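Trainee: The UniProt record's numbering puts the sequence shown at residues 1 to 442.
Hints were generated in silico from the structure; no laboratory data involved.
The structure displayed is predicted, hence computed values, not measured ones.
Among the hints, erroneous ones may be present.
Derived pair list, reagent style DMTMM-like, types lysine to aspartate or glutamate, alpha-carbon separation capped at 25 Å [claimed, not checked]: (1) Lys274 - Asp300; (2) Lys221 - Glu263; (3) Lys337 - Asp321; (4) Lys322 - Glu263; (5) Lys30 - Glu93.
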Amino acid sequence: MQFYADLQHLDLSQNHLVNIPTKSFAYQRKLQELHLNHNKLSSVTNTTFQGLNQLTVLNLKRNFLEELTNGVFTTLPRLEELNLGQNRISRIEPRAFAGLSALRILYLDDNQLSSVPTTSFSLLGSLAELHVGLNAFSFLPDDAFAGLNRLTVLDLNGAGLSNISENAFRGLPGLRSLNLFGNRLITVPTLQLSGLTRLEDLYIGQNEFISLESHSFKGLKNLKLLDITGATQLERIEKGAFEDNINLETIVLANNKKLATIEDCTLLGLPKLKHVSLRDNAIVTLSETVFIGKELKQLDLTDNPIFCDCQLLWLQQLLYDKSNFTQLHCASPEHLKDKPLRNLNADDLGCVLHDTRQQTIICIVVVACVATIATLVLILYRYRKSMQEKLKDYKWNKGRKNLEYHKPISTEEDCIVRGIHPSQYPAPPHTPGLRPIPVTEL
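Work out the full structure: start from the sequences and follow the hints.
Mentor: Below is the structure:
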């Protein structure tokens, strides 16, 4: 290709190329992007790309490459993105990536690697994204990604992992996104993840753990997105599972066919949570305490076998108030099957008392009445003797007063006079042996 010396972008994809002759691009010194994907190339050497000193993007995806030899890319000093995905690479020599000091994005996904080529990766000090999913690692040893201290994205999707060493992710202080989707992990690797303090996005679905226990994601204080999709064995989410993740904004727990239990207050303490997807699980009912105190912008509970009864009145009211929430249909009982929960009312759901506030008020009144009666009974019992004596004195004094003779003045007049001048009208003294003489008024 001695022509097109000023060419900057060249796309040779899907041309059934089997081989690229030496120095084929020697005259394309201004070339910045070269796409050789979807061909039948079985090998490349350090002379294949000679002359491409300005190249920043090289796409070799979906060819038949089987190995990468030492120094194969040394003629590409400015390369920033290298795509080697969907090949047959099973061997990478220690210095295969020598000279790629500017490389920021590397795709090695969907190959036949049986272990992480740690030594080869250590030469890539500027790497920001590494995609090595769909290989056959099975195990991540300590310091598997040593030297990649600028890495922000690590994709291990479908890498066959069943065991992760305690310090496998050591040396990745700036990691922001980690994809562990589609592996064979039987428990959440809590300890292994705890050192990734800057992690913001975690994809860990389609693994084999049965439950999310309390503090499952301990240490991930900056986590914003958690995606657990397609975990076929997942049955329950325990209270406190997300307790350490106070910055969570989005939780996706979807397509987990056995997930039926989400314990009370599971989402408590997540003030920034705005988006929750519980789509296509095995959820029959859900406690109001799961979402207590939440101002969600999005809630998706569709495709669950929801049993619509009075326990879900709170959810009906929530869906009615939030028109932007995804529509939810009842799966049972039979007379409510396929009906939108949002359109039902308290009678439809079999509620005796429609308003929870009314129930609360009634309970408070009943408790107050019982407490008052109990207090009165206790007081009467405690002072019963004293009250009996006072009652006797009252009866005796009343009897004596009935025997005395008083001036025929009305009770009303006596009360008025004594009320106005009590000190001027003392009670007359009683002299023993003398009979009172009636006084006739003139």
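Trainee: Is the straight-line distance between the alpha-carbon of Lys30 and that of Glu93 25 Å or less?
Mentor: Violated - the C-alpha atoms of Glu93 and Lys30 are around 29 Å apart, more than 25 Å.
Trainee: Under the criterion that the straight-line Cα-Cα distance not exceed 25 Å, is the pair Lys322, Glu263 satisfied?
Mentor: holds (23 Å)
Trainee: Checking one constraint from the list: CA of Lys274 to CA of Asp300, max 25 Å. Satisfied?
Mentor: holds (12 Å)
Trainee: Need the status of pair Lys221, Glu263: alpha-carbon distance at most 25 Å?
Mentor: holds (22 Å)
Trainee: For the pair we were handed, Lys337 and Asp321, check the Cα-Cα distance against 25 Å.
Mentor: Roughly 22 Å separates the two Cα atoms, so the pair holds.
Violation of the numbered hints given earlier is confined to hint 5; every other hint is satisfied by the structure.
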